[in-house]
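*Asks:* Read off the chains here:
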Amino acid sequence: MSEQMIPLSRVLGPSAPELTCEECFAELDRYVELRLAGESADVRVPGMHAHLEGCPACAEDFRSLRDLVAAEAGEKRP
Amino acid sequence: MTLPSPTPAGPAAGPADAASREWLRRLGDGGRRREEAVAELHSLLLGAARFEIRRRRSELAHLRGGDLEDLAQQSADDALLAVLGKLEDFRGESRFTTWAYKFALLEASVKVRRRAWQGREIPLEDEAWAAFSDPRSAAARGAEQGELLAALREEIEGGLSARQREVLVAVALNGVPIDVLAERLGSSRGALYKTLHDARRKLRAALAGRGFGTEIGEEER
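From first to last, the protein sequence lines stand for chains A and B. So the first sequence is numbered by numbering that gives the first Met the number 0: it starts at 0 and just counts up by one. So the second sequence is numbered by numbering that gives the first Met the number 0: it starts at 0 and just counts up by one.
Note that these hints are calculated values from the structure, not bench results. The C-beta atom is built at its ideal place from N, Cα and C for all residues, glycine as well. Certain hints may be false.
In silico contact screen, one side only, chain B against chain A (beta carbon under 10 angstroms); selected entries [claimed, not checked]:
id, residue
1, Leu-45
2, Gln-72
3, Leu-105
4, Leu-202
Negatives, chain A to chain B, calculated, CB over 12 angstroms [as the list claims (entries may be wrong)]:
id, residue
5, Gly-37
6, Ser-39
7, Val-42
8, Pro-45
Full structure from sequences and hints, please.
*Replies:* Given below as structure tokens:
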């Protein structure tokens with residue numbers, strides 16, 4: 000750990016208002032579909048982007064759901 | 000496994016897409032139609048759990064294939080119970096399968112993180128301070144960054160409650176997964192993140208009070 004510099008952003012988190020983990024989980028499916036559809040997900044789900052910057056666990060869950068749904072959509076595409 | 004009883008599900012207007020409406024109809028039915036839907040749902044959740052565990056396989060290098068499959072099955076079983084127990088929460092703002100998948104992915108990711116840290120000690124506070132006190136780090140960042148790091152360290156040591164410091168140091172400095180810390184402390188991801196959030200807000204305010212900008216750390220994103 001001493002050999003690496005810890006990013007300040009990881010310590011201080013996002014400066015913008017953010018959702019809680021519970022709110023993030025409640026909105027995650029809608030947010031992922033909006034993102035994949037190219038809709039304005041960050042406008043329609045305010046606070047999600049900041050939370051995903053601040054919470055590594057929720058960010059991993061977001062990436063997993065996004066990639067799973069995208070992969071499934073790819074399989075169904077003719 | 001005892002499954003929750005069928006309940007009328009979904010908002011009054013119902014989901015927009017026909018496939019999601021059909022899921023809700025079948026899961027709200029009784030008898031064989033529901034049993035078939037539940038089995039089909041379990042299969043989808045199992046696929047999602049396997050997807051997550053494949054992504055995280057490197058964290059579980061010590062586990063064998065059979066153990067990984069057990070983990071996927073447990074995740075799918077737990078996710079099925081969660082989905083069936085929360086059908087009324089489904090607002091129809093996404094496809095039903097997208098909504099259901101998130102439960103399987105959460106179950107699998109939490110189980111993997113906890114299994115990966117099984118038997119490992121949470122890093123001690125002292126180990127984390129090195130990154131802030133290391134003069135090479137300060138030198139590499141310049142004099143102003145050095146002052147900022149020194150101030151930050153002082154505020155972490157003196158301005159936070161013991162609980163806030165414990166959570167901040169473990170999660171933000173030492174990279175301990177928040178679900179692992181939650182299990183060790185008998186808490187939850189949400190409660191610990193609230194503690195982390197409050198600690199971060201306190202640090203930002205303290206640093207601003209010392210004359211450092213409020214957008215600290217933003218340039219790294």
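*Asks:* Work down the list of hints and note, for each, if the structure agrees.
*Replies:* A quick look at each hint next to the structure:
Interface restraint check for Leu-45 (chain B): the shortest CB-CB distance to chain A comes to about 13 angstroms, outside 10 angstroms, so the restraint is violated. Annotation: Gln-72 (chain B) was flagged as interfacial toward chain A, and the flag is violated, the nearest CB pair being 18 angstroms apart, outside 10 angstroms. The beta carbon of Leu-105 (chain B) comes within 6 angstroms of a beta carbon in chain A, closer than 10 angstroms, and the hint placing it at the interface holds. Because the closest C-beta pair between Leu-202 (chain B) and chain A is about 6 angstroms apart, less than 10 angstroms, the hint holds.
At roughly 15 angstroms, the least C-beta separation between Gly-37 (chain A) and chain B is larger than 12 angstroms, which holds for a residue marked as non-interface. Here Ser-39 (chain A) stays apart from chain B, with its beta-carbon at least about 15 angstroms from theirs, past the 12 angstroms limit. Val-42 (chain A), annotated as away from the interface, keeps every beta carbon of chain B farther than 12 angstroms; the closest lies near 15 angstroms. With 12 angstroms as the threshold on Cβ separation, the claim that Pro-45 (chain A) sits away from chain B holds: the shortest Cβ distance comes to roughly 15 angstroms.
Checked against the numbered hints above, the structure violates hints 1 and 2; every other hint is satisfied.
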